[in-house]
Amino acid sequence: MKRFDIVTLESPNRAPLRIEGFLFGSENTQGPSVAIVGAMSGDHINQLYVASQFVEYLRTKEEEGIIIGRILVIPAVNAYALNMGEKNWPLDKTDLNMMFPGYAQGETTQRIASRLFDTLKGYDYGIILEGRRDQGMCLPYVKLVQSGYEDLECVKDLGLGFIHYRPHDPVETAMLQYNWQLWETKAFSIVFGKNGAIDQSVSNEVHTAIVRFLSKREMLNIPVFEGRKSNIVDPNRITLVKASRAGILISKVTCGTHVQKGEVLGKIIDALSGERLEKIISPCEGIVTCQYSHPLIFQNSIVFRIASVELCCHLETKKK
Amino acid sequence: MGNIEEVLTIELPVGENFRIQRCRYAPTQGQSTKRISVVSGIHGDELEGQYVCFLLGQWLREHPDTIKGTIDIYPAINSLGIDSITRSVPFYDVDLNRTFPGSKNDFLPAQIAHGVVNLMRGSDFAIDIHSSNVFLREIPQVRIAKSQEDVLVPLANLLNIDFVWVHDAVTVLESTFAHAMNTIGTKTLVVEMGVGMRLGKAYGHQLLDGLLNLMAHEGILDIEPLKVRFPIQSHVGEVAYLNASCPGLFVPVIDHCQVIEKGSVVGHIVSALSGEVLDEVIAPIAGILFTIRAYPIVYEGSLLGRIFGEKQ
Chain A
56 MKRFDIVTLE SPNRAPLRIE GFLFGSENTQ GPSVAIVGAM SGDHINQLYV ASQFVEYLRT
116 KEEEGIIIGR ILVIPAVNAY ALNMGEKNWP LDKTDLNMMF PGYAQGETTQ RIASRLFDTL
176 KGYDYGIILE GRRDQGMCLP YVKLVQSGYE DLECVKDLGL GFIHYRPHDP VETAMLQYNW
236 QLWETKAFSI VFGKNGAIDQ SVSNEVHTAI VRFLSKREML NIPVFEGRKS NIVDPNRITL
296 VKASRAGILI SKVTCGTHVQ KGEVLGKIID ALSGERLEKI ISPCEGIVTC QYSHPLIFQN
356 SIVFRIASVE LCCHLETKKK
Chain B
33 MGNIEEVLTI ELPVGENFRI QRCRYAPTQG QSTKRISVVS GIHGDELEGQ YVCFLLGQWL
93 REHPDTIKGT IDIYPAINSL GIDSITRSVP FYDVDLNRTF PGSKNDFLPA QIAHGVVNLM
153 RGSDFAIDIH SSNVFLREIP QVRIAKSQED VLVPLANLLN IDFVWVHDAV TVLESTFAHA
213 MNTIGTKTLV VEMGVGMRLG KAYGHQLLDG LLNLMAHEGI LDIEPLKVRF PIQSHVGEVA
273 YLNASCPGLF VPVIDHCQVI EKGSVVGHIV SALSGEVLDE VIAPIAGILF TIRAYPIVYE
333 GSLLGRIFGE KQ
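Chains as they are written, first to last, in the numbering used here: chain A, 56 to 375; chain B, 33 to 344.
Same shape as in the complex, but just chain B (with noise of 0.2 Å):
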């Protein structure tokens, strides 16, 4: 059984604390090996990452003579937003995946990411678990910033998921937990998948097999390595975006992770007020629908989905 304990509070205004809860695995005997830091919600409404959580926490109770290093557990970095469906830090406003590394010395979104950058480092890995949010679906997938690949290729290729981006940096994302932690040198990993507000069981199966195999392989758990899914690499191809042409309500006609041809329809656009269809969203290449549209309103512009496929 893990040790919970409350590794950040933080005195909130009316007889209540904010706290940040960790159940911690250790080895039975013997000494520590490694140390992973399995986190999620650190936006208040993406859940996948609870139920992932959940299921490793399970499976850990049940076999802890496998645990040869210190397995740390982190359901909900922004506990005020999971508790009351609000992705950013409530009071605030502010995304606190926007605020690393974050200060002692500055409002509270930046000292919650300052506390939590101070919790994880020493960790030898980092899988931070989100679900993109409300209004996209996505496939299991690993996001990691083209500076970073060589590292942490090879290890995302372990989680069991279904594609690996490697996309160019941007400067915002340095603001990002992951990035602070990969700059500590703690191997981060960003997991994407599902939808905000709702869970997947299968997807939080599908990493739960993911997790395991990579700690059987760094040997934080001495068991055999899992027989996993090896994810598409995204530099065998390209993404193609979708972008909604104009507002109205987004009716997909396929579903989601499927192969598309070119030209075939994802969806339409439509008027609620006067029954007209406004538009149809045509794949403009062939591929992988790994994005799709979960929440139907849509401006001009609105991304309806994401389609990986080979370079034109």
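Chain A extracted, bound-state conformation (with noise of 0.2 Å):
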């Protein structure tokens, strides 16, 4: 294992930022590459806990002898935001994943990205590990943006249940999965988890798929359990479950639950004088994917997004 500094800057009062990657494999080595992304958020923490161990990982593999392809895992892209309990970066506030491919000459975090893409370039396959931008949980699910240069076939190998295959946004083209694909790099996102938080089972499902995926991809010498058939979704099918009352929101059903039609899933409460307002109900039948997290909730916001089969099979359907 080699550990060292990727991106180094310095700043007016603090110790120096420094986004540090571990090598592992043989510089030399025939075998593919790959390059795993960890948390570029400050509230990222699942995704830094699944990059750390994930790298604790590799160094007992390596001393096994079993890593034949070049893997590069760098857990911590934003140290300076996970210090202080911030989302974005602490000066201006700016998305450190809203700054791809970055830009040598321009501002710090398009220094700091720019610098960090140059060592990202010319990998086989880059994995996100990503967080969710609003305040839900949900199952892993690979998020994989349409860019012309996307490998759904390859995605396919890390067995989660489902992928989420669509356009990409215009604010988009400024993130990293885009760009790195821009770049001929395989590059997809691992959606999961709760923001702020470490969920041990969500770690331990993520950390098997990426093993399996690197197994199959002949980058680790080690026999793997079969995962699941992903389920190929256009996430625009997915049933939204919203709230059309705010206050404090008690659910009663977890991500992964199969619940009926008519299911109580939840309920709203008055938050000050506990009246209940909302008795949430399943409008289908499915898996419950997502959900939201925070116990305070809006008015209008998603309270579960529930995969039914039917259109789960969507796509796969019209592609046959």
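Just so you know, these hints were derived from the structure itself, not from any lab.
The C-beta atom is built at its ideal place from N, Cα and C for all residues, glycine as well.
A hint or two may mislead.
Unchecked claim - No farther apart than 30 Å at their CA atoms in a straight line, the calculated lysine-lysine pairs in the DSS-like style are these:
hint: 1; chain 1: A; residue 1: 116; chain 2: A; residue 2: 57
hint: 2; chain 1: B; residue 1: 219; chain 2: B; residue 2: 66
hint: 3; chain 1: A; residue 1: 176; chain 2: A; residue 2: 297
hint: 4; chain 1: B; residue 1: 136; chain 2: A; residue 2: 148
hint: 5; chain 1: A; residue 1: 334; chain 2: B; residue 2: 136
hint: 6; chain 1: B; residue 1: 178; chain 2: A; residue 2: 148
To be verified - Listed next, the stretches of chain B that the computed footprint assigns to chain A, with coverage defined by at least 3 CB atoms under 8 Å from CB atoms of chain A:
hint: 7; region: 45-51
hint: 8; region: 128-139
Both chains are sitting in their own frames, so use the hints and assemble them into the complex.
Structure (structure tokens):
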């Protein structure tokens, strides 16, 4: 294992920012290469945890001599934000994952992105561990945006239950996944967990999925169990259950629960009077893939996302 | 007197509603000709637009008989942010101006964006007033994507601003309010002036004259067009960026909006700890310093200023 600084940046008064990388496998390997990027935001604690645990896992596997590819893990990109409970770059509040491919002569976060991206270019595969941008928590899923260079087949090797496959939004043209794809790395994101927290079970699932991917893509010489047959989902076709009222949310189900049409999923109570304002009923049968995770909920917020079989099979059926 | 309405409300969890308020002025007699929306506070730390809204409302209250169109004033789109010195949408920490056109099926910031677009749908014009941010001080300027140059530059020239900056289209800006509104046929100008969290009274009065002039030209106000300044056009020159070469404390030595010579000193980056001058910031071209850093702490790369000058 080689531990090294990918980016260092002096601060006016703080100790310098260091973006550290952990490199495994031989420089001269004939095997494929992958870079795994962890927390880009200060609230992506679960992503930091999965990445650092993966460093520890690879360290032991390297001693066993079963690493046949080249594997780079970057657990934390935005350590400055992580160290002070901020989400974004602490001075100007810019989102580092909105600065790609970066600009070497530009503003601070553009320069950081540029230097990081220089290191990330040229890898065969790119795995981005992403948190959510809302107050939700979710089953781990693959987010694959369509850039014209995406590789849908390879992400199936993760064996995760769902692949969200969709056109890119305008804002995503400044994000790492999109730009990494344009530079011909087969890049994708694994979105999971709840921002600011660690879920051990979800972390294990993501860890196992990455091990499976590296094994199937011949970077780890290790036998693995088969994963799930991934359902390719158009996220716009997942059923949304919204809160008609604001208040305190009491959920009766968790992510991954198979629910029936008409089943009570939770309730919203008035935060002051305690009165029940709304009973939340499932409009369909399916799997709860995501739920609102903060106890205080806003009106019209999405409380649950439910994937139903008919809709999830839509893309696959169309392809056939 | 304008008609004040709550035009968008969303329940908040604990005994409060998120709200967007509008003050609408309409003709006292006859049919409205055109409709204009004056918008501020998409970013909660930008307050120059609040003052312009006040000045415009004050003027309209004093001259109700001149109103021939519908004039909608929205001083505080991100009302949670405006009242709490918060640039983004609080709770979500999301930049509202990267969330347009929004969706009613997405999280709160996207719902606000969706609601805002629907509120202003049908306006002939929208003026979106920003104050840069807390880091930079700007002279009054309008920024226009190149693809909309032909339609929007003539309109911007009426606004009594100092500079019209036509820039290359950046895809990420497709998620802004201005892009969303221009896409649905509302001619929308983005004004940047002043600095975040502060008011510059002179700029407010300057833009008020511009708004009155634009409305006079478009028949929304029955007044004579005002004599306004003709802005510098970006196509006649180029913009040079001054970025910090090292971290430290930036101390400017010249005033904002000053014409400077190539090679002149704009400021210094100094060390508060050692007492050293770490770098001298030099103007790479001659021209007008139309942006200067207002917040002194800098990292490598922090923007210190922008100079508009002749093409090299």
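Results for each hint:
no. : hint          : in the structure
1   : A/116 x A/57  : holds (14 Å)
2   : B/219 x B/66  : holds (12 Å)
3   : A/176 x A/297 : violated (41 Å)
4   : B/136 x A/148 : holds (26 Å)
5   : A/334 x B/136 : holds (21 Å)
6   : B/178 x A/148 : holds (28 Å)
7   : 45-51         : holds (count 4)
8   : 128-139       : holds (count 5)
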